[in-house]
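As a plain string of letters, each chain reads:
There are 4 protein chains.
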Amino acid sequence: MIKVAIVGGTGYTGVELLRILALHPEVEVIAVTSRADTGKKIAAIYPNLYGLYAGEFCSPELDHLIQADVVFFATPNGTAMQMAPALLAAGIKVIDLSADFRLKNPQQWEQWYGMTHVCPELISQAIYGLVEMNRSLIREAQLIACAGCYPTAVQLGLLPLIENHLLIHDQIIADVKSGVSGAGRKAELAILMSETGESFKAYSVNGHRHLPEIQQNLSLIANREIKLTFVPHLTPMIRGIHATLYVQTSVTIHELQTVFEQRYANETFVTVLPLESHPDTRNVRGSNQCQIALHQPQGGDITVILVVIDNLVKGAAGQAVQIMNLLYNIEETVGLKTLALYP
Amino acid sequence: MIKVAIVGGTGYTGVELLRILALHPEVEVIAVTSRADTGKKIAAIYPNLYGLYAGEFCSPELDHLIQADVVFFATPNGTAMQMAPALLAAGIKVIDLSADFRLKNPQQWEQWYGMTHVCPELISQAIYGLVEMNRSLIREAQLIACAGCYPTAVQLGLLPLIENHLLIHDQIIADVKSGVSGAGRKAELAILMSETGESFKAYSVNGHRHLPEIQQNLSLIANREIKLTFVPHLTPMIRGIHATLYVQTSVTIHELQTVFEQRYANETFVTVLPLESHPDTRNVRGSNQCQIALHQPQGGDITVILVVIDNLVKGAAGQAVQIMNLLYNIEETVGLKTLALYP
Amino acid sequence: MIKVAIVGGTGYTGVELLRILALHPEVEVIAVTSRADTGKKIAAIYPNLYGLYAGEFCSPELDHLIQADVVFFATPNGTAMQMAPALLAAGIKVIDLSADFRLKNPQQWEQWYGMTHVCPELISQAIYGLVEMNRSLIREAQLIACAGCYPTAVQLGLLPLIENHLLIHDQIIADVKSGVSGAGRKAELAILMSETGESFKAYSVNGHRHLPEIQQNLSLIANREIKLTFVPHLTPMIRGIHATLYVQTSVTIHELQTVFEQRYANETFVTVLPLESHPDTRNVRGSNQCQIALHQPQGGDITVILVVIDNLVKGAAGQAVQIMNLLYNIEETVGLKTLALYP
Amino acid sequence: MIKVAIVGGTGYTGVELLRILALHPEVEVIAVTSRADTGKKIAAIYPNLYGLYAGEFCSPELDHLIQADVVFFATPNGTAMQMAPALLAAGIKVIDLSADFRLKNPQQWEQWYGMTHVCPELISQAIYGLVEMNRSLIREAQLIACAGCYPTAVQLGLLPLIENHLLIHDQIIADVKSGVSGAGRKAELAILMSETGESFKAYSVNGHRHLPEIQQNLSLIANREIKLTFVPHLTPMIRGIHATLYVQTSVTIHELQTVFEQRYANETFVTVLPLESHPDTRNVRGSNQCQIALHQPQGGDITVILVVIDNLVKGAAGQAVQIMNLLYNIEETVGLKTLALYP
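Residue numbers (the numbering used here), protein chains in the order written: chain A, 6 to 348; chain B, 6 to 348; chain C, 6 to 348; chain D, 6 to 348.
Derived from the structure by calculation, the hints contain no laboratory data. Treat the hints with care, since some could be wrong.
Put simply, identical chains are the same to the list, so a pair is met inside one copy or across any two.
[Claimed, not checked] Listed next, the in silico DMTMM-like pairs over lysine to aspartate or glutamate satisfying Cα-Cα at most 20 Å (straight line):
1. Lys45 x Glu137
2. Lys8 x Asp306
3. Lys191 x Glu137
4. Lys45 x Glu168
5. Lys191 x Asp74
6. Lys342 x Glu33
7. Lys342 x Glu272
8. Lys45 x Glu193
9. Lys109 x Asp68
10. Lys8 x Glu145
11. Lys46 x Glu281
12. Lys46 x Asp306
13. Lys8 x Glu337
14. Lys45 x Glu281
15. Lys8 x Asp175
16. Lys342 x Glu137
17. Lys191 x Glu266
18. Lys342 x Glu31
19. Lys191 x Glu33
20. Lys8 x Glu336
Note that the coordinates shown come from a computational prediction; the quantities given were computed from them, not determined experimentally.
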């Protein structure tokens with residue numbers, strides 16, 4: 006059994022890890038920390054887990070984590086970097102669902118995240134955690150920086166194009182939409198039901214932290230700088246990300262469909278839908294799946310790529326468990342077979 | 006492997022059966038019928054099942070069902086009674102999720118359902134499918150009339166009181182609220198998002214078909230006629246039933262809590278929450294759980310019982326699979342371990 | 006022109022007052038206070054008011070209010086009682102949308118609201134602000150304690166019964182459901198969209214502050230103590246209250262319908278729907294209307310009364326403007342003609 | 006008083022016309038037709054209009070319309086063209102909210118709308134009904150083809166750019182999102198709450214009927230062919246359109262802001278928000294307003310324009326009443342002052 010500890014168990018990615026790991030046959034959760042809810046029963050905070058976790062949230066101290074084989078950080082940005090050095094030194098694997106180790110350039114990180122990085126020397130050893138991009142590197146890693154929710158959707162939709170040098174114009178537009186759980190479990194006016202229900206808006210148009218993350222990785226693969234206009238929107242639902250990507254490519258829609266299908270032929274968690282499809286985010290709600298559909302409307306100057314994921318599963322906790330499975334040579338789908346809830 | 010056929014695969018209870026059975030290790034789904042979608046790929050209609058069902062919907066003919074060990078009817082009322090006689094004669098088990106065999110009195114059935122019953126002689130051999138009420142009878146049955154969604158919630162909330170003769174006044178009030186999936190997958194104006202979103206209303210106050218079903222079963226257990234005022238409401242969400250039950254009882258809240266805890270101590274799918282609890286329907290969304298909480302406000306003349314289930318799982322497809330497990334001596338929880346999605 | 010000041014302009018009842026008063030032809034809003042948003046443009050906080058209020062929120066000081074003819078308190082409980090004495094002494098009318106002056110017994114108030122009342126001597130001069138109950142008293146009042154949202158719905162549904170002594174059993178059950186805007190504009194986890202969306206629950210079953218308010222007023226009218234079981238629920242929508250009331254009465258449904266129709270024949274804002282009706286909360290969303298429907302299911306032991314209002318309009322800001330109109334001898338409907346938004 | 010008839014009174018644009026016209030001081034509604042609901046009370050179908058319309062829906066015959074000064078068509082496509090010739094010949098003004106007269110080229114119309122146009126000779130006299138584009142032409146018109154909902158939002162967001170020749174690349178991308186009321190009041194599976202709630206998707210990526218409408222009008226103004234990639238999405242809310250427009254322009258964001266502010270300085274129903282703004286669709290829910298915000302992220306290669314309207318008001322019924330006011334020399338805002346509902 007893999008001994009797992011979770012730091013930051015009272016956010017939405019934390020409880021999603023608990024939901025998934027509760028039924029994972031190879032895992033024992035030995036500690037779940039929560040600064041705010043220390044001492045409270047897990048099932049009292051999360052009644053959907055009633056009967057599955059008898060224990061309590063503990064304080065986020067090293068002592069509670071040191072017996073673990075692997076520690077998940079489901080914390081706000083800036084926490085994982087404080088504790089990772091000691092855990093890594095103790096030989097523990099660290100899967101960070103926050104953004105602390107995603108950007109390779111510490112100056113860029115500090116600029117976008119507004120704080121000083123306390124262990125920039127560890128950044129280079131962190132492997133970017135998007136399995137479909139970095140499977141073999143992840144297998145050998147000790148520190149994994151899980152991909153963000155938007156970057157997971159956008160990159161899965163662009164990878165086959167970038168890897169195959171099929172873009173004829175570097176100006177990519179990513180119009181992305183997220184459910185409100187993407188904003189986390191925080192007591193903030195802006196994400197009240199009365200504020201976000203029955204309304205739709207764009208936000209952070211002038212710059213969102215997931216922009217440099219996507220640009221860094223796509224540029225790395227393309228071996229040149231990729232330009233991206235990235236506009237996130239808040240949509241009045243709880244779970245789900247829908248990315249609508251606009252690119253210019255040299256190939257026909259049928260060729261492109263083949264490229265995508267071949268690229269993802271062996272990926273259990275990525276499905277390329279038939280031509281003419283329009284995936285709903287509910288197709289993947291609660292599951293670790295990503296669904297992709299391709300279109301070339303009106304003659305084909307612009308190719309439109311539609312991508313859906315569940316931001317809390319493939320965009321966070323599911324991805325993290327997929328990574329853990331890789332680290333321990335378990336089949337990638339173990340614990341991740343849950344189907345999307347419809348309706 | 007149990008060979009399963011599903012009649013009526015394109016309604017919400019049908020697809021929910023498909024979702025649950027896809028991961029059931031002892032089941033092989035050999036036929037899924039749909040009058041409307043005959044010949045269409047299952048995954049084309051239900052993209053959440055992509056990759057799990059390669060086949061197509063077939064027409065609802067006996068030939069397609071006769072190889073099955075067990076046939077689930079996820080059909081509108083009036084269909085199961087047409088096909089059940091032939092299936093039963095062929096030795097096949099029938100689990101009917103519709104209402105065709107729920108009422109013991111055929112005249113009463115015809116009055117509430119507005120059609121002639123074509124096989125009233127089978128009604129007496131049908132076992133009412135609420136496992137927590139009828140476990141041992143179900144084990145031996147060939148024809149099961151699964152409990153309705155509202156009746157499941159209301160009866161689980163009242164059983165311990167009735168069985169222990171703790172009501173001092175027969176006038177029970179059941180104020181029940183359901184998500185719109187309870188109305189089914191039908192092209193009707195009244196259940197459009199623009200009609201039901203952001204609005205709340207009561208319906209069928211003068212008489213709902215689940216009223217005689219509940220009264221019949223509770224009266225049977227009480228051995229006298231139970232009076233029930235039953236008011237259903239439509240709430241602007243997709244899944245979930247919340248029953249608020251008002252009763253008058255002779256015992257204190259602490260005694261009652263003990264009675265309920267003991268009654269359900271061995272029931273995996275029923276949880277009696279600690280005193281002071283207020284279950285959300287999301288605690289059980291997507292799972293086969295029922296959660297119950299008890300209150301005696303302001304001195305205790307009236308006891309308030311709160312019950313939540315997912316109408317499509319414990320109120321329909323999950324219950325049906327739990328019954329199938331019983332019929333085949335499989336552990337009741339097999340295929341039904343999925344946890345509620347939160348948030 | 007009536008000079009109006011609003012204390013507490015950044016809550017949902019505050020902005021609703023601003024929305025209604027913006028188009029009121031006899032009103033000039035001279036000050037809107039907000040502790041949190043002092044100095045910010047009103048339209049920056051409430052972009053739906055763009056172009057209608059050029060000014061800024063000011064701090065809640067007496068100096069800003071003293072030029073007003075009437076001051077609305079749209080504040081949390083405990084604020085109005087601090088400022089009301091000085092305003093009343095200055096001859097200003099005070100319309101309090103909070104609960105500070107609703108309960109006649111200061112000890113009871115302190116017990117339910119958990120603080121010391123600073124001007125209990127003013128309580129007796131406060132008129133309870135439910136126009137349909139207290140029209141003539143309100144006309145002459147200087148201090149009005151507006152009815153709470155739930156009490157408005159429940160009392161309008163019971164008034165004709167109580168006034169005409171038609172109850173044969175004092176045990177009334179009020180199962181009430183509210184949209185989340187009823188919880189206010191507060192940064193609290195429990196009312197995030199991810200927490201309240203797609204879920205339904207009861208709350209405060211053991212005692213809600215609106216219970217003593219309703220009991221006090223109904224008992225006053227009945228001239229004996231009325232017993233009420235009051236169970237509030239949170240429903241996943243933004244606006245609207247639906248009360249389902251269960252009573253026992255000596256009269257037939259047709260007699261009752263007549264009693265209700267006659268009682269409200271001259272009330273513009275209360276509509277008794279035809280028999281067999283089931284009002285949706287959306288029928289009154291954004292309007293000052295109350296709609297009522299009566300039922301006597303299954304023989305009539307229990308009469309079921311359905312009542313819908315918009316909690317922020319007839320349950321708060323609309324009611325307050327209706328009261329202001331009365332105070333100034335303006336037709337009651339002025340500023341309140343807006344129709345419910347459908348869909 | 007202007008005598009108004011409405012053809013197609015039981016769709017969402019029909020009831021929205023009724024809601025707006027109920028409070029319009031210069032209008033008398035003399036007939037409301039509905040094929041499906043002929044003979045039924047208007048208030049029975051639309052309980053939000055209780056007490057405002059005593060009459061019944063009548064059948065859609067010429068006799069019922071011929072006394073009107075102006076006839077609104079709130080019908081499915083293909084109906085207005087059947088009746089318009091006779092009405093126009095009788096000197097009646099026709100305001101068509103459907104698409105029958107929007108496209109100047111009858112062949113193009115027939116191709117996109119899949120039917121034969123029965124009065125192509127009238128197309129040239131129809132004035133395109135977007136007041137901010139065609140005010141003076143509308144004033145003199147007898148037949149108006151109201152702009153579609155998406156085209157209203159997209160064109161208001163692009164007009165200042167096109168009129169001032171500020172585009173440096175003709176490849177415009179319009180990523181647009183609509184609430185489900187845009188799909189109309191039709192008994193269709195795809196727009197059930199269980200199908201559209203809590204989910205987000207694109208649709209008609211390969212071609213939507215509003216594409217040729219937008220291209221025709223923008224090209225006319227630009228005096229050259231404008232290329233547009235137009236991707237509509239369905240968002241899980243009832244009302245509202247959010248257009249996110251991506252263009253390339255030669256001017257800075259500050260210059261552009263000035264251009265937009267000047268262009269709309271005298272337009273009551275179009276507000277250019279301050280730089281850095283992100284309009285919510287709820288800012289305009291239930292109102293005839295359009296709000297626009299401009300952004301040039303990351304150096305400015307791509308300019309992002311955000312536009313919000315209520316699809317049923319500025320995108321349909323409100324626009325139509327604004328047009329009627331123009332036709333009768335009434336101030337444009339009469340009947341249209343209702344503020345957006347927040348929250």
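query = Checking against the hints above, which ones are violated?
reply = The structure conflicts with hints 1, 2, 3, 4, 5, 9, 12, 15, 17, 19, although it agrees with all the remaining ones.
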